[in-house]
Amino acid sequence: MGTFIIRRLGQMLLTALCLTFIVFFMTNLTPNLEKLAKTQGNFRMSDEAVNSWLSDRGYLAPLPYKFGQWVGVVPGWTNEKTDNDGQTIVTGRCFLAATPVEDRARFCGVLQGFWGYSSVFKTDVDALVAKRLSATGKLMGFVLLLMVPMALIVGILAGMREGSNLDRTLSTFSIASTATPEYVSGVIFIALLASSKFGISPILADWGWIDTKTLFLGSAKKAVDDATFRNFFLPVLTISLYGMGYIARMTRASMAEVMTAQYIRTARLKGVSFRNVVMKHALRNALIAPFTVIMLQVPWLLNGVVIVEYLFAYDGFGRLLVEAARGNDIELLMAISVVSVILVLLTQLISDIGYVFLNPRIRIS
Amino acid sequence: MEPLTWTGSLSFLNLFFGLAVGIFAVMVVVQIITSLFAKEQTIHIRSDGTAATSAGIGGLISFAVKVTFVAILAIVMIYLLAGVVMGTKAGIFGGMAQQLTPVWVGMVFTFMASIKFKRSLGLYGKLFDSTVGMIGFALVLFWVLAGVMAGVFDMIITHDSLSQASGMKNKLPGTPLRGAEDNEFQWYLLGGDNLARDVFSRLFKGAWTVVLIAPFATIFAFMVGITLGLPAGYYGGRLDTFLSFVANLILAFPVILLFYLLVTPEIVATGIPNYMAAVLFVFPVIFFGVLLNSRYHTQPKVRTPLLIVVLGALAWIYLALISNNGNIISTKEYNIWGLPEFLDFYDMDPSILVVFVSVVFVNAPTVFRIVRGLALDIKTRDYVAAAQTRGEGPWYIMLWEILPNARGPLIVDFCLRIGYTTILLGTLGFFGLGLESESPDWGTTINTGRTLIRAYVHPLLPPAVSLLTLVLGLNLLADGLREESLRD
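Going down the list, the sequences are from chains A and B. Position 187 of the first sequence, counting from 1, maps to 186 under numbering that gives the first Met the number 0, and the rest follow consecutively. Position 55 of the second sequence, counting from 1, maps to 54 under numbering that gives the first Met the number 0, and the rest follow consecutively.
Honestly, the hints are just simulated from the structure, not real lab data. In this text, all values refer to a predicted model and were calculated from it rather than measured experimentally. Built from N, CA and C at the ideal position, the CB exists for glycine as well. Certain hints may be false.
[As the list claims (entries may be wrong)] Pulled a few chain A residues facing chain B out of the computed Cβ check, cut under 10 Å:
#, residue
1, Leu8
2, Leu12
3, Thr14
4, Ala15
5, Arg160
6, Arg167
7, Glu181
8, Ile189
9, Arg229
10, Asn302
11, Leu310
12, Ala324
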């Protein structure tokens, strides 16, 4: 088990390195750098001005060298410039012009704990990412709280008596929910529940059942600091619904398989009631497979999170990704890809380990 | 002219329809609740020795569900048939039903022919044994026919999808077109969008974009996945380790980040999508070349002319696809010379190319993993060992022994994957990536409608519901196919 985890961790490191290099390569392509220079400097810069802006900031160095600086194994760039008064001003990746000479670090990269500076948000990347991650963590937490029990209940009820009416109804529901991407269910929910002109809100307001104009809010902007049922339920529901169907179907398949097993028949023949068979004999064995599915679903949720945060204007990690990508914010994008790749690989690892612990029939040698 | 109502002169039916739907919904809920608590069906033996189950309260409820469901279907059919005959006199629904007449004809024809000959149609025919599969197939067929008819033949649509009409901005469904000529369609059936364009026409024009790109992108992803996944699973070893690593690498990317990195005007300017197209589009050529060569290499007299013809045609299509205006890649700094223009019969729109390539790129690793897993499983079978003993080459075994035996799961996944590709295309449109902002495709329409969602929902809901029904249809179709292929 120990060597297995170490091997997986090594693989993770290699994947993360390759992936960040690809992101670095794509964001450092010439047209992207020009766009960055023009958005940061001004849009009417000439080609020479763009070039000097870029070379002053170390963007024109060879790609592996720049990537080494970001990782922290190559000394950061420095640039000497003579200003109008004849004084030389030294700027660099690791320090400002005002930093005293003896405090200037030679290396500054991820290894030194320096994640860089966001060009879109004008702030340090690590603090920004941490703040946005905690907001998204809250969203994800509520999503899991809603999605997992709902999916397990639907799956177990459907798989308990395969082929029954209940099974057919619930299976149709879960297929429909996997066929509804977040941007579709999100807009439908907003239209039906959060529009003051359409859907049920005007009716409810007419009847005096709700004091406010709409039943739910279509914007979750305030939910970052102050999440209420009214402003936070729709985003949570939207993400949960799309992820739910898949888990429910896996649970159903697993439950249906367990229900045909010999030991269930034995229990039934012994005279154990159906309820007890389901609760005591079937449930535990049926929940092994869904566990791995739930863990593997977490990175999948990340996509939903990006869409929903963008749709509901919730300032979390997903919206950060969109904003960073739009502004070609290189160092922010690098940090985002590191975080997301770690999330993806870690959940895979947990799901593998969890599977071994839950299922005594599997041994990893 | 009066604005249209939803059902026009058929509005007396609305009461019955509402009643039926209401009772149906209540009954379904009751059925779910009772099935949780009700005792299992009791079986009693009649005097003649046969067994019978007593229906009880559960049977009564399920009977009510069936009756109301049939009633709903019947009323919907009345709406449709009356609509086809009466047109806009039967309201907006009638108008739409009449515009869609060619689609109905096509669907009825396909279904009648398929059910008649279903025993001789293989897996496709078996689909018509399962209700779920038939519903799914009907939904998919509807959108395919509607997309092709609207996109290629300009049927169905009532107005040009890009032209704006004065005074029709954000107008509600059924608004008469102001100052319409006699030969023009007199209404905006589903209203106007924020640029005063007809929502109904844009919906079906957009269906064509989806119906065109999604299946082709999925086919290319399958070609890439099969061509790489079979050797990875069959040979194993270093090749497998390397290819699996690359596949996992791509899968570890958040899809939206990947889209933002690939589908921007800046990246298009570097020519990277063209390079990717040049690499990804070559896989079908390799696939068919190896497929035919491995089968016929023992008969050079058949093989040589066959390969020359097939590979020649495929290579021509390949070069025509990847080259535009005589160049394969053309950036500011340099050009790579490609197929000359007089031979180039098809110029792919660069915005469609980049969307296409990125969707293939995202889908291919998953297909690779599925094919690899299937190959790993199937290569231990006896018939593979038999082929090896016969002295067949590895590619023959992979493509003519393993692949045909893996077709069941692959066909099911193909249907699911078209649905997923449709969702991905919508995601691209939703973030305003790739296709132009005036493109009528569903994702882009949802994105533009999103800004006014609190005030006007009518430009937004039709594409959302359409996307939902198409993907739902594909999922149900896959479900039906899975059931029927397991039955063998």
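Status of each hint after checking the structure:
1. Annotation: A:Leu8 was flagged as interfacial toward chain B, and the flag is violated, the nearest CB pair being 15 Å apart, outside 10 Å.
2. Annotation: A:Leu12 was flagged as interfacial toward chain B, and the flag is violated, the nearest CB pair being 12 Å apart, outside 10 Å.
3. Against a cut-off of 10 Å between C-beta atoms, the interface hint on A:Thr14 holds, since the closest Cβ of chain B lies about 6 Å away.
4. Satisfaction of the interface hint for A:Ala15 is found here, the shortest Cβ-Cβ separation to chain B being roughly 8 Å, below the 10 Å cut-off.
5. Proximity of A:Arg160 to chain B holds as hinted, the smallest CB-CB distance being about 8 Å (cut-off 10 Å).
6. Hint status for A:Arg167 relative to chain B: holds, with the closest Cβ pair at about 9 Å, below 10 Å.
7. Nearest Cβ of chain B to the Cβ of A:Glu181: about 9 Å, under the 10 Å cut. The hint holds.
8. Hint status for A:Ile189: holds, given a least beta-carbon distance of 5 Å to chain B, under 10 Å.
9. The interface hint given for A:Arg229 is violated, since its Cβ lies 15 Å from the closest Cβ of chain B, which is over the 10 Å cut-off.
10. Evaluation of the A:Asn302 hint against chain B yields a held restraint, the C-beta minimum of about 5 Å falling below 10 Å.
11. A least Cβ separation of about 7 Å between A:Leu310 and chain B falls short of the 10 Å threshold, and the interface hint therefore holds.
12. The criterion of a C-beta within 10 Å of any C-beta in chain B is met by A:Ala324, whose closest approach is roughly 3 Å, and the hint holds.
Comparing the model with each numbered hint stated earlier shows that hints 1, 2 and 9 do not hold.
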